[in-house]
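Chemist: The sequence shown begins at 3 in the working numbering and counts up one residue at a time.
A hint or two may mislead.
Label pairs and their calculated CB-CB ranges [to be verified]:
1. Ser165 to Phe47: 44 to 54 Å
2. Ser18 to Asn141: 20 to 30 Å
3. Phe93 to Thr145: 28 to 38 Å
When the alpha-carbon atoms are kept at most 20 Å apart in a straight line, the in silico EDC-like pairs for lysine to aspartate or glutamate are as follows [stated by the list, open to error]:
4. Lys90 to Glu111
5. Lys90 to Asp121
6. Lys114 to Asp84
No lab work stands behind these hints, which were simulated from the structure alone. Values in this document were obtained by computation on a predicted structure and should not be read as measured data. Glycine is no exception: its CB is placed at the ideal position from the N, C-alpha and C atoms.
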Amino acid sequence: MYKLQLDREFSQDLFSESSKEIRDWVVNAIANIVVADDIIEKHEFVALQEAMGLLDSKEEILDLMKKVKERNLFEVKKIKIDPDLALKIFFYLAGIAVIDGSLKKSEAELLKKCGNCLDLEVDFIRAVISWSVKQMEINRKLTQDLKTSNTHRNRIIESIIMS
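Make the full structure from the sequences, and use the hints.
Modeler: Okay, structure coming up:
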């Protein structure tokens with residue numbers, strides 16, 4: 003199955019100097035994206051782990067998990083943020099939105115809302131969503147090609163062993 007790996011070093015660098023307000027906004031955005039389609043896929047737990055890593059205490063983590071379980075999250079709202087950081091956060095959220103190998107309509111709509119809340123231009127939001135879908139398709143094809151290659155390799159090995 004296709005699986006996107008999030009770059010933990012990137013996320014740590016991205017958020018290490020960010021304010022608590024920004025980290026909490028990102029955590030809420032991640033959680034909303036994960037539950038947008040009412041199904042939490044196993045790959046989306048990676049995204050939730052990322053969100054948990056941005057929280058300051060065990061209590062905050064437990065509260066997040068309770069809210070996710072109950073689908074009782076805060077609405078994603080506009081936030082004042084440095085434009086360069088907003089761009090990076092949006093790319094990060096776009097990667098999370100396709101982590102399960104698909105981008106459902108509800109996830110795309112929420113991602114657009116996140117972009118609007120980050121005060122990003124509509125054309126940029128569309129371009130990043132398109133980029134994330136293309137990345138997802140490339141990764142899916144790569145996974146399929148690797149499986150095919152492994153199957154061919156195994157056939158070659160078997161033919162050599164059998165002869």
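Chemist: A separate judgement is required for each hint: does it hold in the structure or not?
Modeler: Checked hints:
Against the hinted window of 44 to 54 Å, the Cβ-Cβ separation of serine 165 and phenylalanine 47 comes to about 46 Å, which satisfies the hint. About 27 Å separates the C-beta atoms of serine 18 and asparagine 141, a value consistent with the hinted range of 20 to 30 Å. Roughly 22 Å separates the CB atoms of phenylalanine 93 and threonine 145, a value that falls outside the hinted 28 to 38 Å. This hinted pair checks out: lysine 90 and glutamate 111 have alpha carbons roughly 19 Å apart, not beyond 20 Å.
A C-alpha spacing of about 13 Å is found between lysine 90 and aspartate 121, which places the hinted pair at or below 20 Å, so the restraint holds. At roughly 18 Å between alpha-carbon atoms, lysine 114 and aspartate 84 fall within 20 Å of each other, so this suggested pair holds.
Of the numbered hints listed earlier, the single one contradicted by the structure is hint 3.
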